[in-house]
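S.K.: Taken in sequence, the protein lines are chains A and B. The first sequence begins at -16 in the numbering used here and counts up one residue at a time. The second sequence begins at 6 in the numbering used here and counts up one residue at a time.
These are computed hints drawn from the structure, not numbers from a lab. Note that beta-carbon positions come from the ideal geometry of N, C-alpha and C, so glycine has one too. Do not rely on the hints blindly, as some may be mistaken.
Simulated restraints on C-beta separations [stated by the list, open to error]:
id, chain 1, residue 1, chain 2, residue 2, range
1, A, Lys107, B, Glu78, 50 to 60 Å
2, A, Pro76, B, Pro139, 32 to 42 Å
3, A, Ser101, B, Asp83, 50 to 60 Å
4, A, Asp6, B, Ala424, 26 to 36 Å
5, A, Glu222, B, Asp379, 27 to 37 Å
6, B, Glu53, A, Arg125, 35 to 45 Å
7, B, Asp363, A, Glu104, 52 to 62 Å
8, A, Ser101, B, Ala431, 47 to 57 Å
9, B, Asp83, A, Val163, 51 to 61 Å
10, B, Lys334, A, Lys124, 27 to 37 Å
11, B, Glu417, A, Glu222, 50 to 60 Å
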Amino acid sequence: MLSIKGLKVKLEDEDKQILKGVDLEIEAGKVHAIMGPNGSGKSTLSYVLSGKDGYEVTGGSATLEGVDLLDMEPEERAAAGLFLAFQYPVEIPGVGNMTFLRTAVNAQRKARGEEEMSAAEFLKVVRARAKELKIDAEMLKRPVNVGFSGGEKKRNEILQMAMLEPKMCILDETDSGLDVDAMKLVAEGVNALRTEGRGFLVITHYQRLLDHIKPDVVHIMADGRIIKTGGPELALEVENNGYADILAEVA
Amino acid sequence: MAEAALKQTPVAAMIATLDQPSGGWSDAARKDALARVQSMGLPQRRDEYWKYTRPDTLIQPEALPAALRVSDEVALFDHIDRLKIVFVDGVFDADASDDLTLEGINIERLADASADIHWARDLYGTLETRGQSPVARPLAALNTAFAPDGILIHVTAKVSKPVNFIYRRTSETADAMLHHCIKLEEGAELTLLENGPVAARFNGVLEVEVADNAAFHHVRAQGRDHEQRAATHIFTRLGTESTFKSFTLTANGVMTRNDCVIELTGDDANATVAGACVGDGSDFHHDDTVFVTHDAVNCESRQVFKKVLRNGATGVFQGKILVKAGAQKTDGYQISQSLLLDEDSQFLAKPELEIYADDVACSHGSTSGAIDEDALFYLRSRGVPHGAATDLLTLAFLAEAVTEVEDETLREEITGRLADWLERHAH
């Protein structure tokens, strides 16, 4: 589904190479996790895939179901089925959460040539999905992420994911800033969205999120490359021994 | 002769084009205003409060023509139950207006109100005169002296529906001057709506006396024709526990100067003046000049102004809070912000606080900046296209000012109008 080949990325304004040739294949229905120390390029990978400014692709490719992602505007990538759950969801004062969700859902539908969702239908679906994530009506009315706690922000990301029904979900450090209960709630939300047709890429520092969102494949990223790939046991190895052993082993 | 004409001052040249109405209860006020404007002279670039706004096109004897705009747009406030008072080219049109009788309210035309003893005698020009100090506002004095028409409203109770001044214009060149006076007696309440283009050039004065426990709400939309010029003035005085709330939407118009002078003279009074303005093009110039005087205890005042400027548009904000000695427990708030959508647009702000009491809370802030790139990316990453995302963030920016309109229906009308404007002026 998501196919990344030899992806090389540098900062646009600086002569600094961040990704030095990333290869990654994620099949539909699978959950892949990327772990790695700070500065290894994990978040950069998620930003480059979703189209954030400030990066320059110097080599390689990234496709979603065979469609070149890197050539598209961020909104086109979203309509093509890519979703990034932000590490730091952005606060947007003055834009109601509901308005935001409905605008996004209908913009994607329009871009795909589908019929827009009526207000009534949207309301019904959003209420049901919000309830599952323990998001109350008050939170839906408030401006996007403004005054939300860390947990509320992440739950709001998962709600967006549930409403937009993407093919490929990237979760960037979704566990950061969450206590255990909040993390469980978020993980349940994600697990509910695991289907045969949907791929996941979970980026995290720590193994504990992977206790709740069980990955099929675990990758270790360091210095802009994926240096080791294995099963869920690789995450446990990191938890027990840190990254030092793996880094030394590869070096 | 030619030499004499050359020596004529701008104020004399302007006065030479105007006829002073005479023979009514307002004679004394008009004579007084004429003397005042003659001694003040018209605004000049060197005047402190005209530093950022060129008065030239507002003070030249003849108005510059402004093309008439053809539009099939539904007029603002059209589906709101209200009492309509229509002006065509600055002249009251009785046929187009509703019957002026409504419970709790007495509406008269300035040009007709000739009775010898009249309630408006104490108001006409009075608040305007008070508003001339410490900052002179010569165009307002000119208006008091010469305004041929306007509406006088005496409110004695809570009025069941809003009064709507609707302006229409049929002439590309007409100058218009209107002077409205509104007096709210104790406990009375009125909502005044104003919309439509008045004239190629408009000089407006609105004097509002708000007695104890009375409430006045004002929502206006101005500047629909791109070449239109306007200098408007609101003068208000608030009694104990009274409320004054005024909101102005400005879209288009080439030169707009809105003065608002507020005096809080009764304890526990509450005044808000807010504005949302959207300007496109290097000939767009919009100036909000506000002067709030706290002269009583425990009053609250708010100034909330938001401007969206693009393609070289200019916005100006000059806002002052004066807290007099003894006006303790004053809560004064002032915010002026602009969203500059390109590097050619500019925002000039002069916030001022002058405080002579020692137990007050006053805050002010002024910012100008571009669209928040992080928010823009967030929206786009969810599938909202660049243009729509920019519009959404622009509306969100303006929302803080629009929120000051208390009535939800009116608020939605204003927001809808702003959204339409953004859509028409697509990126």
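S.K.: Please go over all the hints and tell whether each is borne out by the structure.
M.R.: Hint by hint, here is what the structure shows:
{"no.": "1", "hint": "A/Lys107 to B/Glu78: 50 to 60 Å", "verdict": "violated, 34 Å"}
{"no.": "2", "hint": "A/Pro76 to B/Pro139: 32 to 42 Å", "verdict": "holds, 36 Å"}
{"no.": "3", "hint": "A/Ser101 to B/Asp83: 50 to 60 Å", "verdict": "violated, 26 Å"}
{"no.": "4", "hint": "A/Asp6 to B/Ala424: 26 to 36 Å", "verdict": "violated, 46 Å"}
{"no.": "5", "hint": "A/Glu222 to B/Asp379: 27 to 37 Å", "verdict": "holds, 32 Å"}
{"no.": "6", "hint": "B/Glu53 to A/Arg125: 35 to 45 Å", "verdict": "holds, 43 Å"}
{"no.": "7", "hint": "B/Asp363 to A/Glu104: 52 to 62 Å", "verdict": "holds, 59 Å"}
{"no.": "8", "hint": "A/Ser101 to B/Ala431: 47 to 57 Å", "verdict": "violated, 25 Å"}
{"no.": "9", "hint": "B/Asp83 to A/Val163: 51 to 61 Å", "verdict": "holds, 56 Å"}
{"no.": "10", "hint": "B/Lys334 to A/Lys124: 27 to 37 Å", "verdict": "holds, 33 Å"}
{"no.": "11", "hint": "B/Glu417 to A/Glu222: 50 to 60 Å", "verdict": "holds, 53 Å"}
Violated hints, in rising order: 1, 3, 4, 8; the structure is consistent with all others.
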